[in-house]
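*Asks:* Fit chain C with the ligands to the supplied structure of chain H, relying on the hints for placement.
Chains as they are written, first to last, in our numbering: chain H, 1 to 547; chain C, 548 to 915.
Simulated from the structure, these hints should not be mistaken for laboratory data. Don't be surprised by glycine CBs; every beta carbon is placed ideally from N, CA and C. Treat each hint with caution, since some may be false.
[Stated by the list, open to error] Pairwise CB distance ranges, derived in the manner of DEER restraints:
(1) H:Arg177 <-> C:Gln855: 27 to 35 angstroms
(2) H:Pro275 <-> C:Gln855: 50 to 58 angstroms
(3) C:Ala804 <-> H:Leu448: 26 to 34 angstroms
(4) H:Tyr254 <-> C:Gln855: 38 to 46 angstroms
(5) C:Gly664 <-> H:Gly56: 40 to 48 angstroms
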Amino acid sequence: MAGLLLLLTLFILYPLLRVLFVAVSDGQGLTLRYLLNFFDRPLFREALVNSLGAGGLAVAFGSLLGVPLAYFSVRYQFRGKLVLQTLGVLPLVIPPFVGAVALQLILGRSGMVNLLLLRWFGTSVPFMEGLTGVILVQTLHYFPFIMLNTAVSLANIDPSLEEMAQNLGSHGWRLFRRVTLPLMLPGYVAGCLLTFIRVIDDLGTPLMLNYTKLLAPQAYLRITTIGIDDVDGYVVCVILVVLSLVSLWAARKYLGLSEYATVQRGTTGAEIGRPIRGMKLAVVLLISAGMLGISLLPHLGILVLSLSRIWSFSLLPTIYTLGNYEEILFRTPHFVKNTLLYALLAAGVDIVLGAIIAWLLLRGRVFGRNLLDAIATMPLAIPGVVLAVGYLRVFHGWDVPGLGGPLTGSWVILVIAYAMRRLPYTVRASYAALQQIHVSLEEAAQNLGANQVRTFWKVTFPLMVGGLVAGGLISFMTSAVELSSTIMLVPRIEMGPIAYGIYVYMQSAVGRGPGAALGVVAILLVGLCTYLTNRIFAGRSGSAFRV
Amino acid sequence: MGKRFGETWAVRAVSLSIRVGEFYTFLGPSGCGKTTLLRMIAGFAAPDEGSVWLDGEVVNALPPWKRDVGMVFQSYAIWPHMTVFENVAFGLRERRVSRADIERQVGEALRMVNLEGMEGRRPSQLSGGQQQRVALARTLVVQPRVLLLDEPLSNLDARLRAQMRIELLKLQRDLGITTIYVTHDQEEALALSTRIAVMSAGSVIQEGTPREIYEAPRERFVAEFVGASNLLGGAVRQATGDTLTVTTDLGVEVRAARPSAAAPEGGRILLTVRPEAMDLLPPGEPADHRNRLEGRVVASAFQGAAIQYEVEVSETLLRASVTNPKGKRLFQRGDLVAVVFAPEDVGIVPEEPRAESREPSVVRSGQD
Ligand SMILES: Nc1ncnc2c1ncn2[C@@H]1O[C@H](COP(=O)(O)OP(=O)(O)O)[C@@H](O)[C@H]1O
Ligand SMILES: [Mg+2]
Chain H
1 MAGLLLLLTL FILYPLLRVL FVAVSDGQGL TLRYLLNFFD RPLFREALVN SLGAGGLAVA
61 FGSLLGVPLA YFSVRYQFRG KLVLQTLGVL PLVIPPFVGA VALQLILGRS GMVNLLLLRW
121 FGTSVPFMEG LTGVILVQTL HYFPFIMLNT AVSLANIDPS LEEMAQNLGS HGWRLFRRVT
181 LPLMLPGYVA GCLLTFIRVI DDLGTPLMLN YTKLLAPQAY LRITTIGIDD VDGYVVCVIL
241 VVLSLVSLWA ARKYLGLSEY ATVQRGTTGA EIGRPIRGMK LAVVLLISAG MLGISLLPHL
301 GILVLSLSRI WSFSLLPTIY TLGNYEEILF RTPHFVKNTL LYALLAAGVD IVLGAIIAWL
361 LLRGRVFGRN LLDAIATMPL AIPGVVLAVG YLRVFHGWDV PGLGGPLTGS WVILVIAYAM
421 RRLPYTVRAS YAALQQIHVS LEEAAQNLGA NQVRTFWKVT FPLMVGGLVA GGLISFMTSA
481 VELSSTIMLV PRIEMGPIAY GIYVYMQSAV GRGPGAALGV VAILLVGLCT YLTNRIFAGR
541 SGSAFRV
Chain C
548 MGKRFGETWA VRAVSLSIRV GEFYTFLGPS GCGKTTLLRM IAGFAAPDEG SVWLDGEVVN
608 ALPPWKRDVG MVFQSYAIWP HMTVFENVAF GLRERRVSRA DIERQVGEAL RMVNLEGMEG
668 RRPSQLSGGQ QQRVALARTL VVQPRVLLLD EPLSNLDARL RAQMRIELLK LQRDLGITTI
728 YVTHDQEEAL ALSTRIAVMS AGSVIQEGTP REIYEAPRER FVAEFVGASN LLGGAVRQAT
788 GDTLTVTTDL GVEVRAARPS AAAPEGGRIL LTVRPEAMDL LPPGEPADHR NRLEGRVVAS
848 AFQGAAIQYE VEVSETLLRA SVTNPKGKRL FQRGDLVAVV FAPEDVGIVP EEPRAESREP
908 SVVRSGQD
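Same shape as in the complex, but just chain H (with noise of 0.2 angstroms):
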C-alpha cells in the first residue's frame, strides 16, 4: 500500500505539484505573478478563449450528429441498426491527428471538396483553416462520446416510466421533455464533459493544422522552443489542468447527483424499440447514413493516401502503390515495432496496478483509501502535454543505475507516461467487475477451507478477468495512438511509436505516404482492440468509451 502510494505520487502528483510550484515562484518565494500575467497577455487570453470555444463548439456539434444517432439507435427497430451502432463507434478508431490530415486532403484549402467547388462554383470553402478545422476534426472524433453515453442512459430508462406518463396523457416533444430527457441527461452530461476535456487536451490536431492558438500547443511551443525553464510553459499547463480539473469534478458531483437513472427496471411487457416502417424509417436511414458518412470520410482518406503516390492538386491520386507500406514495415519498422512494446508494456503495468487498487479500494480495510482513489482518477484531468512537462522538469537530472543516463533519456519514460495515463481506465474496469463479485463468493470459498491467497486465485481473479483483460486493451489501444505526451517525450527519433512517426512524416511532403500508411496500422490496431473489447464486454456496443 505505501510502497503503491510512493509509486503513483512519484509518477503522477509529484511531477504536477512541480509544474504549479514552477508557476507560482520566483527563485525567492511563492507568487500570483506569473499566473496573473497570463491574464495580460492577448496571446494567452487568445488562446484560452479559443480553447473554451473549441471545446464547447465540438460538444454542441457533437450533440448534434450524437443524439439524433443515440436516439434512432436506441429507440427504433429497423434494419441497419447493428450497422448504425458498430460504425458510429469507427470515428473513435482513428487518432484525432490522423483524421486531421485525412481531412486536409478532402475538406482542405486543395482538397477533394474544395477542388469540385472551384470547378463547378468558381469559390472554396475554408472548412479546414485555423480553428475552423480543429473543431470539425474534433467534433468527427469525439461526437462518438456523447453518442455512446446518451444511448447507455436512454436504453436504461425503465420503459414503464415513459408508459406512465402517457398513460396521464402526456405523448410526443411533451413526453419527451418531461420525462424523457430528463433521465437520459446524466449520461449526455457525462459524454459532453468527456468530449470537452479531450478536446482541450489535445495536442496533435491544432500541431497537424497548424494552428497554435490553443492552450495545449502554447504549453507545447514555449516548452519545446524557449525552453524548460520558460515559466509561461508551466503557467499555461497550469490552467489546463485547472480546466480539466473542474470539468472532471463537475461530471462527477452531476453524475453522484443523479445516478437515478438505472435505479428502478420494472418487468413490463414494453417491447424495446419501437419498429418504424415507410417515410419516417426512410428519414432515420438518411440522416444516419449521411451523419455516419462523414463521420467515416477520415478513414477513407487515409487508407486512400497511404496507397498513393502523388496526390496533389487532384481529386484522387494519380499514381497509386504499395511503396508506403513497404517503407514503413521494412525500412522504418521500429515505429510499429515500439509502439507494440511501449503499449503492451504500459497495459501490463495498468492491469496489475488496476486489480491492485481496485482490490484495496473495494476490499481493503486500509487507511488512505480515500488518497488512492484520488490519485488514481487523476490522470484522467492531467493532459498529456502537462505531464510530459512535469516528467522532463522533475527526471531530467536524475541519473538512473541502470539507464546509464536520466529517465528521460531512455524509452522507458515513455512507458511510464502511458501507463499512468491510462491508469484510470484499468482501474475503473477492474473495480466494476470486482464490484459485481457479491463478497459471499468468496466468502463461501473460505468457509469451505480456502485460504486468501486461494480464494483469489479460484474465484476472485477468474470473475474478474473479463474486466481486466477490457481496461487492459483500453490501455494499451489509447496508449498507442498518444501524441500529446509522445510529442515531448521521445528521446530520440527512433525511439518513436507510431504516433509520432506519422508526426515527424507528415512534416514533409514526401512523407504523407508513409505517414498515412502508419494511421492505418494505428487504426487497425484501435479497430482490433475495440472489437476484442465490445466482444469481452458481451456485445454492448462502445462500452470502452464510456464514462
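*Replies:* Then chain C with the ligands, alone, in the frame of chain H:
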C-alpha cells in the same frame, strides 16, 4: 381479444364484459398473460385480434394518452427526477388544470393515500409502500374512467401487503371507480374482487364471484390454483337426487352432495376437496354421515391458526388443514388416522379440461 408474440399467443380468445363500478380481477400464475391483457386495455399493446370497448366505444385506434384509463405499474414507475408533488401533479398539468386547482387536488390525493406532508420528498427517499401510494395517488388524481392495477402489492412485505389490501378495498369502494386488478395471489383476489377471471396460458378458464370461484370450481386448474384442492379421480356409480356416489381410484366410495350435469353414471370425474374441509379423527372414532378415508400421517406442521397434515391414503397424498386446533389432538408422523369430510364439501370437475377453454371459440389469424 388475442395477442401474440412471434408464434406464441400470450392472450387468446379472451372475451370479458366488466361493469361500471366493479372490482374485477385477473387471477393466474406468472406468465399467463395478465399483464398483456392489461396493456391492451391501456393501449400499450395492440391486440392482434378483437377490440376493446370503453363506454360503448371501440378504442383500439386511440393511443394510450387519449384513453383516460389509469394504470398503476407493477414497478410503480415513479419518476425519479421529480418530487412527490411533481409526480402526482403530472397528469393534471397534462390536462392544463390551473395552478391553484393542481395544488388543491394533489393535496387531496395525497391525503387520500395518507401521504400528506410528503410533497417535497424525492422518490429515492420513499419506502416501497410509500412509492406505491404515490403511484396510486398519481393515477387517481386525474379521475380516470377505469383504474388498472398490475400486481400492485407484490413488491411489498407481508405485513404491508395485508394493510394495503384493506386500504385499497376501502378506497375503491369509497370512490366507486371501475377497477381491473391483476394478481397471482388468490387471497388478494378473493378478498378484494366483485368478480374474478381465473386465467391460464392466455385464456380465461372460469369467471365468477369470489365465492363461486372458491366454492364451485368448474375446472381442475381452478380447483388446484385457487385453494389448492385435493383431487381424487373416480367413476360415478350412482346419481340419485342431489347425491352422487363415486367409486374413487383409492378403492373407497365417496359421496358428493352436489348434482352435476357433467356426471352421468359410469363416467369418469375428478372430486375436489379443500384441505380445510377435512378433519382428522383417531382410526376408531365414528364419522357420522361424513366420508371417511383411512390413512397414515406423513407430515404435520403446527402453524398457529391451523395444523397442516399430509396423510397418505393408498399411496395418494392428501393435504388436510385442521383449523382452530386449540384443544384438538395433534397427530404425529406415523399415526394411523381417519380423514373425514362432509358430502357438501365435495366438488366435481371434469377429468379433462372442458372443450371451450381448450379450443378458443374465436380464432382469426393471419391478420397483423
Ligand atoms: N414484449 C414481449 N415479447 C415477447 N413475449 C412477451 C412479451 N411480453 C410478454 N411476453 C410473453 O407473453 C406471456 C404473457 O406475459 P405476461 O402478460 O407478462 O404474463 P403475466 O403478467 O401473467 O405474468 C409470457 O409468456 C411472456 O413471456
Ligand atoms: Mg405480469
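*Asks:* Any hints from earlier that this structure breaks? Give me their numbers in increasing order, please.
*Replies:* Hint check: 1, 3 and 4 fail, others pass.
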